[in-house]
Amino acid sequence: MRGETPPAERFAELCREHRLGYQQGPDGPRFPPVLGGGPWADSAGAGTVYATTTVRRRGEEPHDLSLIELDEGFRMMSRVEGAPPAKVRIGLRVGLAWTGDNPPLPVFRLAP
Amino acid sequence: MTGIAIAGAAESELGEVGGVRPADLMVQAARRALADAGLASAEVDGVFAATSQLPMAPLSLAEELDLRGVRYTDGTQIGGSSPLAHLDHARAAIGAGLCEVALVAYGSTQRSAGRGSIPAEVSDWEAPYRPMLPVAAYALAAARHMHEFGTSREELAEVAVAARAWAREPGNERAWSRGPLSVADVLASPLVCDPLSVRDCCLVTDGGGALVVVSAARARTLRQPPVHVLGVATAHSHRHISAMPDLVRTAAAQSGARAFAEAGLSPADVEAAELYDAFTITPILFLEDLGFCEKGEGGAFVAGGRIAPGGALPVNTNGGGLSYGHPGMYGLTLLVEAVRQVRAGRDVVLAHGNGGVLSSQCTALLGSEAALS
Chain A
1 MRGETPPAER FAELCREHRL GYQQGPDGPR FPPVLGGGPW ADSAGAGTVY ATTTVRRRGE
61 EPHDLSLIEL DEGFRMMSRV EGAPPAKVRI GLRVGLAWTG DNPPLPVFRL AP
Chain B
1001 MTGIAIAGAA ESELGEVGGV RPADLMVQAA RRALADAGLA SAEVDGVFAA TSQLPMAPLS
1061 LAEELDLRGV RYTDGTQIGG SSPLAHLDHA RAAIGAGLCE VALVAYGSTQ RSAGRGSIPA
1121 EVSDWEAPYR PMLPVAAYAL AAARHMHEFG TSREELAEVA VAARAWAREP GNERAWSRGP
1181 LSVADVLASP LVCDPLSVRD CCLVTDGGGA LVVVSAARAR TLRQPPVHVL GVATAHSHRH
1241 ISAMPDLVRT AAAQSGARAF AEAGLSPADV EAAELYDAFT ITPILFLEDL GFCEKGEGGA
1301 FVAGGRIAPG GALPVNTNGG GLSYGHPGMY GLTLLVEAVR QVRAGRDVVL AHGNGGVLSS
1361 QCTALLGSEA ALS
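Respectively, the protein sequence lines represent chains A and B. Per this note's numbering, the first sequence starts with residue 1, numbered consecutively. Per this note's numbering, the second sequence starts with residue 1001, numbered consecutively.
Some hints could be false.
[Claimed, not checked] Chain B side only, calculated, beta carbon under 7 angstroms to chain A, not exhaustive:
1. Glu1126
2. Pro1128
3. Glu1154
4. Leu1247
In case anyone wonders, no lab produced these hints; they're calculated from the structure. For clarity, every value in this text was computed on a predicted model and none was experimentally measured. Even for Gly, the Cβ is constructed at its ideal location relative to N, Cα and C.
All chains, full assembly: derive it from the sequences and hints.
Listed below in structure tokens is the structure:
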């Protein structure tokens, strides 16, 4: 007998519908979600780059890695796509985008 | 709180020690620390150990040292700061009468065995973005510090340059990296995760260390002058970098404040500081959070050789994790160096450990007999 859907499973279900889920916990928005963390809500997907780095693995193209502060008040790790990593700067506005399909992965693009 | 002291301290073979297991280095250091204290292994009744390569490190330690009288066991694993947490817990255990002779030990063959020897813990919420951990986490914090306070890559580089200058000092012949290093060298080295370059990152070496911890009263009867634990405290704020409440404010603010309060001391009393330097950003954060300077002023604090030999505050006097050695986790190496500094005549030395991705923070103030009065 299983109770609440495990958070990773619930999050993936939402991603398949292109919905970025977070939890409304007793102390405010919560991410990543946890068991018993509170009711789920959908983020509108607008946010700001809180911190960013360019990851340089040997033999690979460098890629962005950022912490994004969503306007709802939670922070998540993600990456900013569609721009060279050097163009991604702390404080820039970003919007949610999706990549892949198993399940779709939430990423961000610089706001126009 | 019961007064405790470090009665014995030692390192194992360091650097690249081929053909040994992590437990070999841990046991070698433990035997040396017991000899340093003038105690037999049969007197050990408390064991404290954690290492990424041995999930049941206290059991390995007791088995290989043939310890039969263990009454108290602690395997607290909170990353590189763990040995400082063990010191904290040893004090509680000795104070509660749960053990009398505490052995804190560590060993790693991370250089010889490679990173594959460390079981990776992957966050479902971070892994899809392929963070290169741990360096990416510290790079994010460094980038945020640069953004908020105008800290420069040159100031980060000063930390590596000061560490190298210490490693080149007489007495630090065991340091892994002793060649000259300039700010320009650090800036010219390849970036790993911006803004951190190869020379902003600690070494990967093999090594082990151990401490023998007893009551202050018992320590006064042993071979070495006691190195008193004047204050020690542990705090933590998160496990994963994406959950760190504020990337430029660490839980060292809490561990440091508690350790200083217990010791009745302030940063002005500290004669040398051993600050966990997994990456050049970490000593800058800890100098701020421990109260050596205001928040945001860490970059300026380290500039101009102020933490190097001859500077205002000696920091990482062995060369640190950046130049002396970083055997997977640096906490025990750091404590051994703090002990060495007190034995060399400094009255108050601060040891600060960091674990995970700026996650766990442990501060210890160690002092001479004179520091007690």
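How the hints compare with the structure:
1. Glu1126: holds (5 angstroms)
2. Pro1128: holds (5 angstroms)
3. Glu1154: Nearest chain A Cβ about 18 angstroms off; hint violated.
4. Leu1247: holds (6 angstroms)
Comparing the model with each numbered hint stated earlier shows that hint 3 is the single one that does not hold.
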